[in-house]
Structures are given as structure tokens and as C-alpha cells.
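Undergrad: Chain order of the listed sequences is A and B.
Residue numbers for the first sequence follow our numbering, so the first one is 1 and each next one is one higher.
Residue numbers for the second sequence follow our numbering, so the first one is 1 and each next one is one higher.
Keep in mind that the hints were calculated from the coordinates and are not lab data.
Don't take each hint at face value.
Claimed, not checked - Straight-line Cα separation of at most 27 Å, DSS-like style, residue types lysine-lysine; simulated pairs:
#1 B:265 to A:146
#2 B:302 to A:117
#3 A:117 to B:34
#4 A:277 to B:237
#5 B:233 to A:117
#6 A:2 to B:265
#7 A:372 to B:153
#8 A:215 to A:307
#9 B:209 to B:265
#10 A:117 to B:153
#11 A:146 to A:175
#12 B:209 to B:299
Unchecked claim - A short, non-exhaustive set of chain A residues, derived as facing chain B with CB atoms under 8 Å:
#13 21
#14 266
#15 278
#16 308
#17 309
#18 310
#19 372
Claimed, not checked - Listed next, the stretches of chain B that the computed footprint assigns to chain A, with coverage defined by at least 3 CB atoms under 8 Å from CB atoms of chain A:
#20 57–63
#21 226–239
#22 254–261
Heads up, the beta-carbon is just placed ideally off N, CA and C, and yes, glycines get one too.
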Amino acid sequence: MKIHEYQGKEILKKYDVAVPVGDVAFTIDEAVKAAEKIGGSVLVVKAQIHAGGRGKGGGVKLARSYEEVRECAGEILGMRLVTHQTGPEGRIVRRLLVEQGINIARELYVGITLDRKRARNVLMASTEGGMEIEKVAAETPEKILKEEVDPAVGLQQFQARSLCTRLDLKGDALKNGVKFLTALYKAYIASDASLAEINPLVITQEGHVVALDAKINFDDNALFRHPEYEDLRDVDEEDPMEVEASASNLNYIKLDGNVGCMVNGAGLAMATMDMIKLAGGMPANFLDVGGGASAQTVEAGFKIILKEENIKAILINIFGGIVRCDRVAAGVVEAAKNVDVQVPIIVRLAGTNAEQAAVILQDSGLKFLVAKDLKDAGEKVRKTVISDR
Amino acid sequence: MSILVDKKTRLVVQGITGGEGTFHTRQMMEYGTKVVAGVTPGKGGTYYEGNEKDKLPHPVKVYDTVKDAVKKERANASVIFVPAAFAADAIMESADAGVKLIVAITEGIPTSDMISVYEYVSKKRARLIGPNCPGVITPGEAKIGIMPGFIHKPGSVGVVSRSGTLTYEAVAQLTARGIGQSTCVGIGGDPIIGTQFIDVIKLFNADRKTNAIVMIGEIGGTAEEEAAAFIKKSVNKPVVGFIAGRTAPPGRRMGHAGAIISGGKGTAEEKIRVMSEAGITIAESPAVIGSTMEKLLHKKVKAKKSRKKIRKPAGRIKKNVSKI
Numbered sequence: 001m002k003i004h005e006y007q008g009k010e011i012l013k014k015y016d017v018a019v020p021v022g023d024v025a026f027t028i029d030e031a032v033k034a035a036e037k038i039g040g041s042v043l044v045v046k047a048q049i050h051a052g053g054r055g056k057g058g059g060v061k062l063a064r065s066y067e068e069v070r071e072c073a074g075e076i077l078g079m080r081l082v083t084h085q086t087g088p089e090g091r092i093v094r095r096l097l098v099e100q101g102i103n104i105a106r107e108l109y110v111g112i113t114l115d116r117k118r119a120r121n122v123l124m125a126s127t128e129g130g131m132e133i134e135k136v137a138a139e140t141p142e143k144i145l146k147e148e149v150d151p152a153v154g155l156q157q158f159q160a161r162s163l164c165t166r167l168d169l170k171g172d173a174l175k176n177g178v179k180f181l182t183a184l185y186k187a188y189i190a191s192d193a194s195l196a197e198i199n200p201l202v203i204t205q206e207g208h209v210v211a212l213d214a215k216i217n218f219d220d221n222a223l224f225r226h227p228e229y230e231d232l233r234d235v236d237e238e239d240p241m242e243v244e245a246s247a248s249n250l251n252y253i254k255l256d257g258n259v260g261c262m263v264n265g266a267g268l269a270m271a272t273m274d275m276i277k278l279a280g281g282m283p284a285n286f287l288d289v290g291g292g293a294s295a296q297t298v299e300a301g302f303k304i305i306l307k308e309e310n311i312k313a314i315l316i317n318i319f320g321g322i323v324r325c326d327r328v329a330a331g332v333v334e335a336a337k338n339v340d341v342q343v344p345i346i347v348r349l350a351g352t353n354a355e356q357a358a359v360i361l362q363d364s365g366l367k368f369l370v371a372k373d374l375k376d377a378g379e380k381v382r383k384t385v386i387s388d389r
Numbered sequence: 001m002s003i004l005v006d007k008k009t010r011l012v013v014q015g016i017t018g019g020e021g022t023f024h025t026r027q028m029m030e031y032g033t034k035v036v037a038g039v040t041p042g043k044g045g046t047y048y049e050g051n052e053k054d055k056l057p058h059p060v061k062v063y064d065t066v067k068d069a070v071k072k073e074r075a076n077a078s079v080i081f082v083p084a085a086f087a088a089d090a091i092m093e094s095a096d097a098g099v100k101l102i103v104a105i106t107e108g109i110p111t112s113d114m115i116s117v118y119e120y121v122s123k124k125r126a127r128l129i130g131p132n133c134p135g136v137i138t139p140g141e142a143k144i145g146i147m148p149g150f151i152h153k154p155g156s157v158g159v160v161s162r163s164g165t166l167t168y169e170a171v172a173q174l175t176a177r178g179i180g181q182s183t184c185v186g187i188g189g190d191p192i193i194g195t196q197f198i199d200v201i202k203l204f205n206a207d208r209k210t211n212a213i214v215m216i217g218e219i220g221g222t223a224e225e226e227a228a229a230f231i232k233k234s235v236n237k238p239v240v241g242f243i244a245g246r247t248a249p250p251g252r253r254m255g256h257a258g259a260i261i262s263g264g265k266g267t268a269e270e271k272i273r274v275m276s277e278a279g280i281t282i283a284e285s286p287a288v289i290g291s292t293m294e295k296l297l298h299k300k301v302k303a304k305k306s307r308k309k310i311r312k313p314a315g316r317i318k319k320n321v322s323k324i
């Protein structure tokens, strides 16, 4: 789960991670009010969207008076912000973060995330603050410093000290850096995060260490332990169709293709998408209907897929292992009757009672294209996509 | 021989009295698995016969702790159907009780829990399969997990996969061609899993009954690449590989918690490239996993024959990259 920068900073603050003084604003007036509350001669107005690269896209502006804050807020609020992470369509900015300006001496990078290979959390740091860490890792891997956390004891002070000295922090900055990293690790663990990334981490002229930006992602598997995160969700940042699908408990991701698909199991769903492409089409979505594939889930799936305008065909691919295919077939027939489907529906059911399932589909009076195996399903997708050209 | 599981395996089911636990215990027993005990805290000392929907073939003794089940029934493997919030504790209980093979079916265990579990299980020298996996089956002998037994056939191809239904698809394709399986292992779709591709492939490589291997990976992480490096160096058995997720968009979690391309890493293209370089025969489409293995085995047999009769040409065996 992703959250906004300002929400991430509120969490960090709770665990004594140093962040600039700031406040969220939904309107221009709120932005000015926030600025007045913060005070100071330099203020920063930052667009809040779930994507990086906001500065380059014109979503972060400096203001030297409350009047300038008003101007900046007016320019950014409502703008379509395009960054390398949003895609060409960009995102509409609906929220702002107004912050005090910081006296920057150095910009660094720190992040905590899971090292899958080692099955442990790893604290990463780099002197290349403000740059994309993936780019640093690819071009100058020696500039990424790491400390692996032993799960038995957690992050130790000496590890934080080691990282800070390797970042060339001295005196107060070293002390503050160790304090910062220790607090950041505490926040990461306590909030069940999957990523806590501070880029840039700023060392001020005075030797303070401050999180200028904050990207916090939560582990979806741990959300049940944090009911309070529901309030942090911003559905404006999600695809409307995905929001609707999640309301019906469907595991759905919208894509841009012309063949919709409904599959049981995530791996088979991905493989089916790949097969659609090999057959000359493009998958319009990822949709895992889960083990059951009942009439209700299939119906909900149809409704979601049919909202996509460019659909030329729908492929249903169910491997009925423990679920019986005849039951799935009955569900598909019922759902197809309830929803007006104008495009060809290719159905491939394999496993228990697959023969009976084929008979149910053939006798339904509805025009299903019944595929005898996965290869045949691919052929049928190919024919449908080609005949439509 | 086979790996991990056989008819002698003595299984304890953790969470036996739950809906899922009951259903799959019945399925496992009917397949021939020796279920020697169940664990449900608070119900120790009773015999469990199943529920209205699923009657077990015979009653199973229930214990309060895994330790009791190990002591009284000599259980040496466990399977976990405990809800995600309590699954980490259940896995560690099993490891502490001395169970050497722990299969965790549960989906949705928090990553922070799994970090501790991984550490603990390694210390106790137990093998954890999963979590978020279909389990392990040695066809014709026993199954520990939720896979449909009837699609399998005893034989000599080892199957290892991060997926559930996609594995069933591959197995069904093999069986339809008369190609049986030695053991099939679903290692799970989470970012932290107890047993990786490389671990299972090492076991298959050492297993005299396994003559060939099917490896089914997907986007996310680098486990496929690590296994490929081992295969290149140490495996002489033919390997067919498939990677799901060529059309998956970067940065999105594709159903499985571990199936995500992050920071340009873990793409299908990269995995396929590394696997091809390691000599693994790649099935281009999920529809041809079975036929690709069939051709590869055919090629191997021909190669053996042609070694005996040196002059005889090997025939049309070159093409093994199949199309739809």
C-alpha cells in the first residue's frame, strides 16, 4: 500500500524521525494558512501524488512570501503532473504539502527495505542524494552502502554509526545521523512498512539531519494489524476500475490491451496474459478470481472487464483442481445471462468434470467458444483478434 | 526414491479442525498420505472425524501441541492451515518440536513475521516449504498440500514452481503425454519463502529417480537466476523452464506478494535470458510446457541410442523451442 509524502512524514514524526515543519493543504487558502502557521522566510509548496520525480515535473516550488505561496499553490493544485513514474497521462494534483525551507549543506540517500535473497531487512545509504537509487545501483554500485539487520537483535547503534561515518558525517551531524537512522528503523518496523525511503536526506548547515522527502510503503499482508491505515488510503490515486474491483474482492489490475481475461490463480493469470500476447492480442487486464470462481465472482469479473472500451474478446481460463468445472461452467452461464456480453467469450475449463462443463456451455444457447486445451484457447484468441482487424 | 515426501512420511496437520484443514486432510488421506495426528489447541485428547461436509476416512487423534504429536505419534512432517495472523507461531512451534519438513499453505503472512520465521527455522535445521504454496506431492505415494491428486502420475520428471494452478496446468500437460512426475514442489509466491528453486533443484539433481526437471518461475526477485547458475554448473539432467509475467507492468504486484518488478529488477526477460544461457530449454508459452519436455526427453533417448549406433543420424531433434 502506498501513501502520500505528508502521511509518511506524520508517521516518521511519531517515531522521532526529524522532518521539516509542515502541513497538508487541500485548497489555496489552506496552503496560505499553513504557511502563516509555519512562518519563516522561505517556504516550499509540494504536490502530493503517489509518484516520484515531482520536482522535475513542476510539482515542487519555492516561495519567499505568503503571496508567493498563494501563487504556487494556485499553479500546482489541479495541475496534471507528469513524471517518469506517472506515465504520459499524469496525475491531477489534489493535495499539497507546505513546508519550511531548509538550509541544505548536503543531500544524501537512506532507505530500508527487504533483501529478498537474504530474507532480512537492509539499511541502504548513498552520498548520491536526490538521484534515483536504482540508477545509482546500476551505474555506480560501489556508491551504495549497506547494513544488514540481524532479526534476532534488530538494527544496532554501531551499524548506524558505521553507515554515518562512511557517509562522511562528522561531529553533530554524525550524532544526529545515528539518531535519525535508529528512529527510522523503529518507524519502519513498528508500521510494518515494506519500504522507508528518504531521498534526499538533508544535512543542514547547522549539522541537523532531516528527511526532506519520505516514501513509505506498507506490507499489504500486514494491513490487518493496522486498521488505522484505511484512513490513509487515497482512492483518487488508484484506477477507478481497480477501486471497484477491490470492492468486489477481485484481484484486478487494469492494462491497455484488447483481450480481457479471467483466470484462477495468480501464476496462471500471468501466464494467460503472456499467451494472449503470443497469440497476437494484448491483455486488457490481470484478474485472478481465486480458487472458487463462483457465479458471483465471474459476474463481477464480466462487469469490470466490459467497462474497458477496446475489448475484442474475453478469455476465461480456469484450472479446476479441487473446484469442479461443471460448477464453474454453470456459474459462467448464469453470469453471461445476467450481463450483456457483446464480444466472443472463449472458455477453457480443465480438470475435474471438464467434459460435463463443456456440455453445459454448449447447451446453454449462448455463444461460447469452448477451447479444449490451453493451446486451443490461444488459437481461438488469435482467430478472434485477427478476424476483427 | 523421490524427494521430501513418500508413503512413510508421518504427517501432523496444524489447524485440522478448520474448514480448509478438514477438507484437505480428507483429500490427503484419500490420496494415501499417512496423517498421524492433528493439532488444535484446546481440543487435545479428542478424536476428529471431520465435519458435515467432509468425513475423514478414519478418526485422527488431536493434540494441543505439535510437541505432543511428535512424541506420541512420531510425526516427522507438518502441514499448516492456520490463519495468517497465527501462522508464524504455528511454523515455529513445528520447528521447535523437531519436525524436519514443514509445509505452510497459508497465504498472507506479514513479511516481518516471515523474517523471524526464516531465521528461526534455519537455526532449528528444519525445512520449510512455502508459505503461500500448494505443497508437495510424490505421485502415487503421498501428498502434503492442496493440489488435486488425480492430475499427477508417478514417473521421473521433477516439477518445481512458485505458482499453484499454473503448476497444475504444467503437470496435467505432462500426464496427458504419459510423462509421470517423481515429486512436484510448489515453493510459494511470497517474497520470503523457506525453500528456494535452487534448494529443490539440488534435491532433484541428487535424486536417482528424477531424470528431468520442470522449473516454473515468475517475475520478481532473483531466485530463478540463482538456480540457473547452479544448473549451469552442476546439473546434467534436462531442464525445461517457463517464466510467467512477460506482459506484467513494472511496479505492480501481480496477485502473489512476491510477483513484482521493482526498480527494473526481476523482469521475465532477464530471467529467461539467464536461464537460456544456463542451458535450460525455455517453453515460450504456458501451453507448450508439456510438449517441450516431451521433445527434450525424446531427444535425450535418441542421443543415447545414437551413441550406441554411431553411424545412425539422430533425426529431427533440433527444434525444441516451440510455438503456439
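Undergrad: A separate judgement is required for each hint: does it hold in the structure or not?
TA: Hint by hint, here is what the structure shows:
In summary, the hint linking residue 265 of chain B to residue 146 of chain A is supported, as the alpha carbons are separated by about 18 Å, within the 27 Å threshold. Restraint check for residue 302 of chain B and residue 117 of chain A: not satisfied, since their Cα atoms lie roughly 39 Å apart, outside the 27 Å limit. Using a Cα cut-off of 27 Å, the hinted pair residue 117 of chain A and residue 34 of chain B is violated, with the two alpha carbons roughly 34 Å apart. For the hint linking residue 277 of chain A to residue 237 of chain B, the alpha-carbon distance of about 31 Å lies beyond 27 Å, and the restraint is violated.
At most 27 Å may separate the alpha-carbon atoms for a hinted pair to count; residue 233 of chain B and residue 117 of chain A meet this at roughly 20 Å. Between residue 2 of chain A and residue 265 of chain B the alpha-carbon distance is near 19 Å, which keeps this suggested pair within the 27 Å criterion. The suggested pairing of residue 372 of chain A with residue 153 of chain B holds, with an alpha-carbon distance near 21 Å, which does not exceed 27 Å. With a CA separation close to 33 Å, the supplied pair residue 215 of chain A and residue 307 of chain A exceeds the 27 Å bound.
Among the hinted pairs, residue 209 of chain B with residue 265 of chain B is inconsistent with the structure: their alpha-carbon atoms are about 36 Å apart, more than 27 Å. Taking the CA atoms of residue 117 of chain A and residue 153 of chain B, the gap is near 33 Å; set against the 27 Å cutoff, the hint is violated. With a C-alpha separation of about 19 Å, the suggested pairing of residue 146 of chain A with residue 175 of chain A holds against the 27 Å cut-off. Note on residue 209 of chain B and residue 299 of chain B: the hinted pairing holds, with a Cα-Cα distance of about 19 Å set against a maximum of 27 Å.
With 8 Å as the threshold, the beta carbon of residue 21 of chain A stays out of range of chain B, its nearest partner Cβ sitting at about 31 Å, so the hint is violated. At a threshold of 8 Å, the smallest CB-CB gap from residue 266 of chain A to chain B is about 3 Å, leaving the interface hint in force. A least Cβ separation of about 5 Å between residue 278 of chain A and chain B falls short of the 8 Å threshold, and the interface hint therefore holds. The beta carbon of residue 308 of chain A is not positioned within 8 Å of any beta carbon in chain B (closest approach about 15 Å), and the interface hint is therefore violated.
Interface restraint check for residue 309 of chain A: the shortest CB-CB distance to chain B comes to about 19 Å, outside 8 Å, so the restraint is violated. A hinted interface residue such as residue 310 of chain A counts as satisfied when its beta carbon comes closer than 8 Å to some beta carbon of chain B; here the least separation is about 15 Å, so the hint is violated. Nearest Cβ of chain B to the Cβ of residue 372 of chain A: about 11 Å, over the 8 Å cut. The hint is violated. For a cut-off of 8 Å, the count of residues in the stretch 57–63 of chain B with a CB near a CB of chain A stands at 0, and the three-residue condition is violated.
With a threshold of 8 Å between beta carbons, the proposed coverage of the stretch 226–239 of chain B by chain A is violated, since 1 of its residues qualify and at least three are required. Chain A is given as covering the stretch 254–261 of chain B, and this holds because 6 residues of the stretch bring a CB closer than 8 Å to a CB of that chain, at least three being needed.
The structure does not agree with the numbered hints 2, 3, 4, 8, 9, 10, 13, 16, 17, 18, 19, 20, 21 stated previously, though it agrees with the rest.
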